[in-house]
Amino acid sequence: MRAPYSITPTDQSGAIVITATLFMSWMCMVSLFRLYMRLSMNGPLSLDDLAAFIGGLCQAFGVGHVGAMMYSVSHGLGRLTEQSYEEEQSAREALYAADLLFFAGHSAAKISVCLLLRRLGRAKRYLLMCNVTGLATCVWALASILGIAISVVDRVGSPIFANIGWKVLTAFDVVIEATLLGLSIFLVWGIHMPIKRKAAVIFAFSTRISIIVLAIIRQLYINQAFAAYNNPVYVADAVIMTEVLLHCSLIAATIPCLKPFVASFDTGWGQGTARKGQSSYVNSGSDSHSTALAPRCIGESQMAVPGSAQSYDSHSSRQLMLSRDDNWDADMIEMDLISRSRG
Numbered sequence: 001m002r003a004p005y006s007i008t009p010t011d012q013s014g015a016i017v018i019t020a021t022l023f024m025s026w027m028c029m030v031s032l033f034r035l036y037m038r039l040s041m042n043g044p045l046s047l048d049d050l051a052a053f054i055g056g057l058c059q060a061f062g063v064g065h066v067g068a069m070m071y072s073v074s075h076g077l078g079r080l081t082e083q084s085y086e087e088e089q090s091a092r093e094a095l096y097a098a099d100l101l102f103f104a105g106h107s108a109a110k111i112s113v114c115l116l117l118r119r120l121g122r123a124k125r126y127l128l129m130c131n132v133t134g135l136a137t138c139v140w141a142l143a144s145i146l147g148i149a150i151s152v153v154d155r156v157g158s159p160i161f162a163n164i165g166w167k168v169l170t171a172f173d174v175v176i177e178a179t180l181l182g183l184s185i186f187l188v189w190g191i192h193m194p195i196k197r198k199a200a201v202i203f204a205f206s207t208r209i210s211i212i213v214l215a216i217i218r219q220l221y222i223n224q225a226f227a228a229y230n231n232p233v234y235v236a237d238a239v240i241m242t243e244v245l246l247h248c249s250l251i252a253a254t255i256p257c258l259k260p261f262v263a264s265f266d267t268g269w270g271q272g273t274a275r276k277g278q279s280s281y282v283n284s285g286s287d288s289h290s291t292a293l294a295p296r297c298i299g300e301s302q303m304a305v306p307g308s309a310q311s312y313d314s315h316s317s318r319q320l321m322l323s324r325d326d327n328w329d330a331d332m333i334e335m336d337l338i339s340r341s342r343g
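Counting in full-length UniProt numbering, the sequence shown runs from 1 upward without gaps.
In case anyone wonders, no lab produced these hints; they're calculated from the structure.
No experiment lies behind these values; they were computed from the predicted model shown.
Cβ atoms here follow ideal geometry from the backbone N, Cα and C, with glycine treated the same way.
Hints should not be assumed to be uniformly reliable.
Restraint-style ranges between C-beta atoms, simulated for each label pair [to be verified]:
| # | residue 1 | residue 2 | range |
| --- | --- | --- | --- |
| 1 | Y96 | G190 | 43 to 51 angstroms |
| 2 | E87 | I209 | 33 to 41 angstroms |
| 3 | F172 | S210 | 28 to 36 angstroms |
| 4 | C138 | T10 | 39 to 47 angstroms |
| 5 | L220 | F186 | 29 to 37 angstroms |
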């Protein structure tokens with residue numbers, strides 16, 4: 001008796017199932033980590049969080065994509081065997097739905113990163129660049145979805161023409177990812193802070209480089225699939241890379257917020273803003289009590305002003321901004337708040 005999903009030279013359905021379920025599980029765990037941190041450590045939720053959750057969980061773009069892919073596999077996707085016309089049509093329709101959900105989830109991840117970067121800056125030119133990038137991402141998402149819809153309606157079109165469309169979408173995908181990385185560099189370029197801390201901030205967002213690499217590799221497999229148009233085994237390689245790209249994109253959108261989750265399980269690492277030999281608590285003027293500085297998301301840190309006991313309590317309601325004061329020295333990456341009175 002043949003296994004339901006196997007991995008052979010003529011059957012790659014098992015590889016598709018393993019990849020999809022594995023990366024979906026990782027994506028769900030990372031999304032839940034982010035939700036936990038926002039609700040219990042460094043909330044409240046903001047637009048960038050909602051975009052990430054919509055892409056991964058809330059609207060089930062990521063999970064729904066895997067569901068559609070599983071349905072397509074159950075009807076013969078990835079198998080070099082004769083299928084009935086009904087089975088083949090069901091597999092194609094499910095793959096079409098999976099492609100739509102892929103672009104929706106991938107775009108949500110980009111928008112999440114763009115909104116997070118926008119929330120960390122105040123310069124007008126920087127905010128304008130963030131707005132333009134966000135708008136370009138939305139246009140790319142709509143164009144991608146419309147392109148998939150047109151390719152399904154125009155079934156008599158040339159496979160070569162269809163592949164050109166995929167190449168164009170991938171090219172713009174890479175440009176947007178590179179722009180997001182450029183925004184993170186521009187964010188800290190004029191900040192008076194140690195170069196090592198600037199590099200750490202850039203590194204937090206440089207995970208998008210891996211998304212660029214995955215997008216290019218995926219396009220290479222798509223080229224291979226169109227070259228062997230009637231061989232579903234080659235289509236399986238492109239499908240597997242699509243799964244990897246989507247879920248890694250959603251995970252990379254959350255990586256800048258993972259450090260406080262790790263720090264919360266340590267007794268001292270990253271818990272305050274003290275230099276070596278100093279206390280990790282801040283004394284509020286004449287008050288005898290101390291306020292512990294809790295870890296925040298990468299790109300965030302606490303600001304406690306001596307003599308003002310309310311500065312910490314009102315912290316969660318303020319917008320997170322970068323400070324141009326190089327006197328802040330933290331164990332974590334620091335991007336301090338600018339008070340409302342200075343706004």
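These are the hints, each one checked on the structure:
In this structure the supplied range 43 to 51 angstroms holds for Y96 paired with G190, their Cβ-Cβ distance being about 46 angstroms. Our hint of 33 to 41 angstroms for E87 and I209 holds, since their Cβ atoms are close to 40 angstroms apart. For the hinted restraint 28 to 36 angstroms between F172 and S210, the CB-CB distance of approximately 18 angstroms leaves it violated. For the pair C138 and T10, the beta carbons lie near 41 angstroms from each other, so the given range of 39 to 47 angstroms is met.
Between L220 and F186 the beta carbon distance is about 31 angstroms. The supplied range of 29 to 37 angstroms therefore holds.
Violation of the numbered hints given earlier is confined to hint 3; every other hint is satisfied by the structure.
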